[in-house]
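There are 2 protein chains.
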Amino acid sequence: MDPDAVAKAFVEHYYRTFDNNRAELGNLYQEGSMLTFEGAKTQGSQAIVAKLAGLPFQQCLHNISTVDCQPSGPGGGMLVFVSGSLQLAGEQHALKFSQMFHLIPTPQGSFYVLNDIFRLNYA
Amino acid sequence: MDPDAVAKAFVEHYYRTFDNNRAELGNLYQEGSMLTFEGAKTQGSQAIVAKLAGLPFQQCLHNISTVDCQPSGPGGGMLVFVSGSLQLAGEQHALKFSQMFHLIPTPQGSFYVLNDIFRLNYA
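If you read the sequences in order, they're chains A and B.
Numbered by UniProt numbering, the letters in the first sequence go through residues 1 to 123 in order.
Numbered by UniProt numbering, the letters in the second sequence go through residues 1 to 123 in order.
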């Protein structure tokens, strides 16, 4: 499968899950996974999901503007770079964000997220 | 050395070089290096420098807002995620951007850029 198509499918799956049920994102991370969310560092699937589930909003909707991807080295990993906007329930203006994921192949032929860095882009 | 300090030093060096003499950036890339600049893909040190040197502005100044970094796996690599703004000579408004670098250690104890993805954040 074309890497750009894989990246796009991952991104669609990730944000659909985030917007519908953040707790299910745990399946995408493993124990060595790292999240840096607005500068705050978290490690491990359980802690990452706790961080994401505890963000101070209930409903949100991600709109994706761009998805770029590159192979990350000989191990078959993939870097995915996303820009988009995030609409929070009850807020008038959407927030711009950028996020990168480092995806690592699993023995089952899928990917997990080793690295995840998220930043809002303040206007 | 602390990874955050290494990332910050790299980022300062990278943008200082970019703003002073883009042609010198070639030392930071190798043949396998990849650049995706606003969705356009380029590979290899020489092609990447040609792309950067050929951007349609002469003078620019990067201002860095945030630098996040994470180790990228067992090989000693490092992911660096930058947000900031870019002031072009003669333009009234600075442009917001986000950029990520995947740095790989060299035998000489330094790093080179394997992956580089750049996006402007349109308001």
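These aren't lab readings, by the way, just hints derived from the structure by calculation.
Just so you know, even glycine gets a beta-carbon here, dropped at the ideal spot from N, CA and C.
There's no promise every hint is true.
Said to hold, decoys possible - Derived DMTMM-like pairs (lysine to aspartate or glutamate); straight-line CA-CA distance at most 20 Å:
| id | chain 1 | residue 1 | chain 2 | residue 2 |
| --- | --- | --- | --- | --- |
| 1 | B | K8 | A | E38 |
| 2 | B | K41 | A | E38 |
| 3 | A | K41 | B | D4 |
As the list claims (entries may be wrong) - On the chain B side, residues computed to face chain A include the following (Cβ under 7 Å):
| id | residue |
| --- | --- |
| 4 | R16 |
| 5 | H62 |
| 6 | N63 |
| 7 | S98 |
Claimed, not checked - DEER-style ranges, computed between Cβ atoms:
| id | chain 1 | residue 1 | chain 2 | residue 2 | range |
| --- | --- | --- | --- | --- | --- |
| 8 | A | E91 | B | Q108 | 28 to 36 Å |
| 9 | A | G76 | B | D19 | 16 to 24 Å |
| 10 | A | E24 | B | N21 | 43 to 51 Å |
| 11 | B | N27 | A | N21 | 20 to 28 Å |
| 12 | A | E91 | B | Q46 | 40 to 48 Å |
| 13 | A | S85 | B | L88 | 18 to 26 Å |
| 14 | B | N21 | A | L61 | 26 to 34 Å |
| 15 | A | G76 | B | K41 | 12 to 20 Å |
(message) Would the hint linking B:K8 and A:E38 be met if the CA-CA limit is 20 Å?
(response) holds (16 Å)
(request) Indicate whether the distance between the beta carbons of A:E24 and B:N21 respects the range 43 to 51 Å. (result) holds (49 Å)
(message) So, as I understand it, the hint says B:N63 touches chain A; can you test that by seeing if any CB pair is closer than 7 Å?
(response) violated (13 Å)
(message) Given the hint of 12 to 20 Å, is the C-beta distance from A:G76 to B:K41 inside that range or not?
(response) Taking Cβ atoms as reference, A:G76 and B:K41 lie about 19 Å apart, which means the hint holds.
(message) Can you tell me whether the CB distance of A:G76 to B:D19 sits inside 16 to 24 Å?
(response) violated (36 Å)
(message) Interface hint check: B:S98, Cβ to nearest Cβ on chain A, cutoff 7 Å. Holds or violated?
(response) holds (4 Å)
(message) Please check whether A:S85 and B:L88 have a Cβ separation lying inside 18 to 26 Å.
(response) Holds, at about 24 Å.
(message) Next item in the hint list is B:H62. Is there a CB on chain A closer than 7 Å to its CB?
(response) violated (15 Å)
(message) The hint names B:R16 as touching chain A; please verify it with the least Cβ-Cβ distance against 7 Å.
(response) violated (22 Å)
(message) 28 to 36 Å was suggested as the range; check whether the CB atoms of A:E91 and B:Q108 agree with it.
(response) Violated: the Cβ-Cβ distance is about 49 Å, outside 28 to 36 Å.
(request) Can you let me know if the beta-carbon spacing of B:N27 and A:N21 is within 20 to 28 Å? (result) For B:N27 and A:N21 the Cβ distance comes to about 47 Å; the hint is violated.
(message) Taking the Cβ atom of A:E91 and the Cβ atom of B:Q46, is their distance within the range 40 to 48 Å?
(response) Holds: the Cβ-Cβ distance is about 47 Å, inside 40 to 48 Å.
The structure fails hints 2, 4, 5, 6, 8, 9, 11, 14 (numbered hints given earlier, in ascending order).
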